[in-house]
Amino acid sequence: MNASRSIIFSLVAVGILVCLPLIGVAAGMTSFFGVIIPYLAVALFFIGVVARVVRWARSPVPFRIPTTCGQQKSLPWIQSDNLENPSDTKGVVLRMILEVLLFRSLFRNARMEFYEGPKIRYASAKWLWLGAIVFHYSFLVVLLRHLRFFSTPINPLVHLLEGVDGFLEVGVPRLYLSGLLLLAGVAFLFLRRVTIPQLKYISLPSDYFPLFLIFTIASTGVLMRYIYKVDVVSVKELTMGLATFHPVTPEGIGSLFYIHLFLVSVLFAYFPFSKLVHMAGVFLSPTRNLANTNRMVRHINPWNYPVKVHTYEEYEDEFREKMIEAGLPVEKKE
Amino acid sequence: MAKVPKADELAKVNHRPPQTPWTETPVEFRPGTFCYGAKPKNLEVVGLPNPRDWNPTDEDWKLPDDWKDITIKGMKDRLDKFRTFKLFMDICVRCGACADKCHFFIGSGDPKNMPVLRAELIRSIYRKYFTGSGKILSKYAGARALTEQVIKEWFYYFYQCSECRRCSVFCPYGIDTAEVTIMARELLNELGCTIDWTAGPVANCYMTGNHLGIQPHAFKDMIEFFVDEIEEVTGVRVEPTFNRKGAEVLFITPSGDVFADPGTYTLMGYMMLFHEIGLDYTWSTYASEGGNFGFFTSHEVMKRLNAKMYAEAKRLGVKWILGGECGHMWRVVNQYMDTMNGPADFLEVPKSPITGTVFENAKSTKMVHIAEFTADLIRHGKLKLDPSRNDNKIVTFHDSCNPARGMGLFEEPRYVLKHVCNHFHEMPEGTIREKTFCCGAGSGLNTDEYMEMRMRGGLPRANAVRYVHEKHGVNMLTTICAIDRAVFPALMDYWVPGVDVTGLHELVANALVMKGEKKRTTDLRYEPLPGMEDEEDDDV
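As given, the protein sequences belong to chains A and B, one line each in that order. Numbering-wise (numbering that gives the first Met the number 0), the first sequence opens with residue 0 and increments by one. Numbering-wise (numbering that gives the first Met the number 0), the second sequence opens with residue 0 and increments by one.
What the hints contain is simulated information worked out from the structure, not anything from laboratory work. We put the CB at the ideal spot given by N, CA and C, even for glycine. The reader is advised that the hints may include incorrect statements.
[To be verified] Examples of chain B residues toward chain A, derived with CB under 8 Å:
hint, residue
1, Ser-137
2, Ser-167
3, Glu-299
4, Pro-352
5, Ser-387
6, Ile-393
7, Gly-429
[Unchecked claim] Calculated Cβ distances over 10 Å to all of chain A for the following chain B residues:
hint, residue
8, Lys-38
9, Pro-50
10, Lys-80
11, Arg-82
12, Lys-85
13, Asp-99
14, Phe-224
15, Pro-239
16, Val-332
17, Phe-345
18, Lys-381
19, Ala-489
Turn these sequences into a full structure, and let the hints steer you where they fit.
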């Protein structure tokens, strides 16, 4: 499928998803969109992610195959690189922390530049890393800020986070940077997908869809907060109802809120069945989460099975005469 | 055999993808860019499926009738047996970080050589048959049906991946295309769609013990030929032994070094070194291959070939195994051997009889890399070295993919190198160590009918060599891999004329001052040593 069709397909999908709660709420289906769908989505999310991880974990790791990106531990006087080529659990944990929290491997990225001659150069290319960091961390902050809707009294850490996020102290209500950064991050990820020809070529609808979905979620959130303000007190009543399992659907919450909530629900439900599970998968990646101790500690393959080999005896039987003639030692003389 | 285009023609690489989506761009078997299909006799020797006469350019590939079931079932088996495969099918986000990291993409511009798209070739099939969304949404979920065309595409592109793992260094989730390629090749093997350049060596290795099919008496003859050569150059007669029980060490190296220049000089280097330090070692004609083209065939064939190492070590009653300079051999030894064919509890933890160093890092596998062994010798001052004998060589070092990214063997060879030559220059950062580039012919692709692709795939490596060639006058490319030594001469001639290729232990042997040696006037290649140009003439 070409890029424009993938994009249109994803846009239409998100468009339909926006219309559903719009129509539904107008038709009075507030508890369906305000209660049933969110519960279903969260349940799907947790069950789905757990099922996915269990599914991965059920397949064994027959061989220990870390990608070694630094000096191995060998002779005592050679400095080994325990971070890029871990030789113990501590090294593995640190490597994983760097990978998961700071996107270490992405930070290595370089861009190939091909000139006449040919001359090839590798230029620094940290934009993808930066975009990814901005996107993921602003998303995290936005998510954590939303805890204020699910707890009373509000956790002081959430207040602290809001203080930091709104440090610019502009606007009423105060402008949160994370919302804008999230939008910017998504926009960046989308733009590079459509402007880099190779990337455009490999992109699937399932690459555009989550971007559009998240962009719409963030936009509706921003709109609700700054422009078309919804009744926050009623919203909190609803979300607290969800959190305490005493769901209520107060009157008079704008449909914008239901769109936002529905799209978030879709994102939750979609998560385990899409590429978004990379969040869980990265922890299980055998090229990263194993120590390079192959020659020190034997790794066990649970399905290791005996194989047919050409034994020495068979070999000698075949070549005995020639071996004797060449003066090579043999087991049997005749 | 296809003629390889001229370098300036090949250098015009278009990296822009075509207009047609990749799913609608059929594969074209252009001579020079694919390897010949496996001959039936080579598959029969090891009992691999569907032996038949065929060639990739044939319309009809003579697949088994139930090829589709075989493939889907084969995928299921492997998804259940390898977490890597299952995970790597699920978690790619197509961020594209890997795209321009592949040497075959850089040199060919073919978008299906971007690691991400290479993996999508099989991921799209996975989605269709193993995921709900793929079954329902089909192409809208990035899924497609398995057809014979897909098998042909797999064959073309999974034999345009050298399993070098460079992309896995850059992937934020550590997705390793080598792993995907290994699975795809296993699936192709089940249909009999493998290449003869791996099937032949596999058959040879299985029967005779080495890829080249050298029989025991001939193996001994060939090694002894080099004994004479060494005596000619140094005046010292080394005395290798074969299949000797009770030796302390079993030495195993790729048979390529027994067979062809410049690997043969490295082989001479090993023997000179072992003689000089008085190592109690033996060759084996049965385990006469370090390399393992089974690794490029399937996990099972890898295990079947690798089994000889431990079996022979046990039969001969050696204490431990020393391994020569080889790339993929060391990935197999370091990451697979002990798991597959161990435990090697009949061996002892390797201990250098010369320095007393115990190789704790090999205490389970009981196999030591010769660069580790030699570095330790030098560190303890056990070798008398005259690096000025290599002064006419301005050297750079190529990290072979497998010891680099499947082991982390970076400092040992450099330490040795710096002690045996005076002029050493690194290639640019970003092209060495864990970011090193493939020679363009790894994973069993070092065949002549594949020459255009080899030149394309080797371009990034050659480009970095050319940089130090122009900047520092580098004229010698050092490697610790037998495939490198076999393929780099052609690559250098093509892209960087004036750069020669050597193994690490050839340089060691040149610099090694041996007890009782005659006045050395030439190196192992009979080239005059620096300052000896005139003496050489006198001798003649």
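Numbers of unmet hints, in rising order = Those not satisfied are hints 1, 4, 5, 6, 10, 11, 12, 13, 16.
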